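Enquirer: Here are the chains, one letter per residue:
Number of protein chains: 2
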Amino acid sequence: MTYCVGLCLDQGLVMASDSRTNAGVDYISSYSKLHLFQPAPDRMFVLLAAGNLATTQEVLNRIRRDLDQAANPNQTDPGPAVTLASVNYLFEAANYIGQVNLAVQNEHGPALRQIGASVEATFILGGQIAGQPHGLFMIYPQGNSIAATPETPFLQIGESKYGKPILDQIVTPDLSLNDGARVCLVSLAGTARSNLTVGPPFEVAICPKDALAPSQRLRLEEQSAELETMTRDWMESLRHAFFGLPHFPWEQPSTASGPEAEGPHQMQS
Amino acid sequence: MTYCVGLCLDQGLVMASDSRTNAGVDYISSYSKLHLFQPAPDRMFVLLAAGNLATTQEVLNRIRRDLDQAANPNQTDPGPAVTLASVNYLFEAANYIGQVNLAVQNEHGPALRQIGASVEATFILGGQIAGQPHGLFMIYPQGNSIAATPETPFLQIGESKYGKPILDQIVTPDLSLNDGARVCLVSLAGTARSNLTVGPPFEVAICPKDALAPSQRLRLEEQSAELETMTRDWMESLRHAFFGLPHFPWEQPSTASGPEAEGPHQMQS
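Protein chains in written order, with the UniProt record's numbering: chain E, 1 to 269; chain P, 1 to 269.
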């Protein structure tokens with residue numbers, strides 16, 4: 001089902017996704033779901049995609065075609081009125097992508113509904129236009145969108161429930177970009193462990209504010225040393241934290257407690 | 001939606017549940033979902049319930065009525081053939097409860113389907129009959145059931161996704177009962193933080209093998225000192241573990257890292 005997450009932090013954006021795509025359990029493939037657009041020097045957009053793969057790919061192709069046609073107008077066709085190069089505000093970019101999404105779904109929807117399949121796609125858009133703050137939007141299949149705010153500094157699409165608690169516990173607007181990348185990977189890896197439709201490679205893009213470009217692109221392949229190291233480090237850290245929790249009033253003191261305990265104290269009733 | 005979890009460990013069973021029930025966002029109540037049955041000296045059963053509250057309550061009432069009627073037979077009515085007191089195997093108890101569940105759902109199902117509501121209920125049954133191992137079953141709305149095994153030592157019902165990663169990472173069959181109770185509470189609290197339909201009080205029953213009774217019953221009330229202490233301790237431990245994770249190769253060494261870092265080492269590519 002995919003899992004993608006975007007963070008809108010004071011320092012910039014972190015965009016992360018998995019790569020697993022499936023048409024049932026007997027047909028599993030790997031497709032990148034993180035797409036970078038730099039259609040002009042004064043702007044950058046990163047799109048994360050979830051849902052029907054044919055829809056998300058066609059949306060991206062239409063976005064690119066619109067940019068091509070706007071850059072090459074001729075007598076008979078002035079090109080599209082709105083593109084990622086022409087919008088003046090980030091929310092206009094979200095609206096534009098939403099309209100393209102709706103158009104693709106409307107074209108193919110009737111045929112898919114006949115077989116009970118879903119044509120829907122959902123996107124996370126992160127980006128910045130020079131002179132404006134960076135921002136993060138979730139674009140619904142219906143074409144409208146919501147923005148991340150300091151109160152809600154992250155957005156998720158796809159198989160989001162497994163990975164949400166760690167984001168709730170760690171992500172605040174003042175989190176560093178590198179810590180943001182780390183928590184996205186932990187959230188992705190935890191989800192992939194619990195749900196077969198989410199899997200590596202995991203991609204992360206770190207986009208500092210005002211840079212109008214990613215400063216780091218990370219791609220953790222399945223069975224890579226980096227991914228195994230990260231998941232093993234997190235597992236060890238998490239277990240260490242858990243077995244150091246305070247004991248219940250009826251338990252024996254620390255010497256009789258679980259592994260890796262660090263002298264837990266009695267809980268106060 | 002409820003969230004309940006049962007652990008089947010070498011040392012015995014741990015059964016845990018939340019208490020929030022809702023009929024839409026404007027009607028939220030609190031009902032216990034953990035039910036203890038000790039219908040004879042040689043057996044103990046704990047039932048956790050999720051789904052339609054009217055169904056789960058009627059199932060429990062029918063179970064109790066069957067026990068009453070079997071204990072008080074008369075000329076005209078010999079009482080039910082099967083009760084929780086008469087079954088010889090734990091899986092027979094699961095089948096019996098499944099049949100009662102199915103009967104209640106079949107009776108009320110047609111009326112609920114007319115308004116598009118679900119009559120379904122799902123249960124987790126933990127228990128032991130003297131002379132046999134303790135065990136854990138998940139009873140489906142259709143009346144059949146599956147059992148926990150050493151490979152799958154826990155079962156969840158209700159809003160299970162948020163709380164699954166921590167169980168995947170901590171629970172093994174050799175986990176102590178007290179650690180089992182702790183991980184259930186962490187899993188419940190994390191879920192409640194992320195989903196409004198799950199909430200305290202949280203109930204936990206620790207049932208050592210061969211005891212045929214709970215050795216501890218815990219109930220953490222909303223806004224109680226115990227619950228606030230536990231959630232605060234877990235938040236602090238989790239954040240400490242997270243901010244101690246190794247850094248990416250492009251990051252500065254530990255002195256420039258996030259809070260509470262413990263000299264993280266560089267990741268190996």
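The set of hints was computed from the structure by calculation and includes no laboratory data.
None of the values given here were measured: they were computed from a predicted structure.
One thing to keep in mind: the hints can contain errors.
Put simply, identical chains are the same to the list, so a pair is met inside one copy or across any two.
[As the list claims (entries may be wrong)] Computed cross-link-like contacts, SDA-like style, restricted to lysine to any residue with a CA-CA straight-line distance of at most 20 Å:
1) K209 <-> W250
2) K209 <-> N74
3) K209 <-> E251
4) K209 <-> V119
5) K209 <-> D26
6) K209 <-> L53
7) K209 <-> A70
8) K209 <-> S30
9) K209 <-> N22
10) K209 <-> Q38
11) K209 <-> A103
12) K209 <-> L112
13) K209 <-> A111
14) K209 <-> G135
15) K209 <-> V87
16) K209 <-> T197
17) K209 <-> Q75
18) K209 <-> T21
19) K209 <-> H35
Enquirer: What hint numbers does the structure not satisfy?
Expert: Per hint list: 2, 4, 5, 6, 7, 8, 9, 11, 12, 13, 16, 17, 18 violated.
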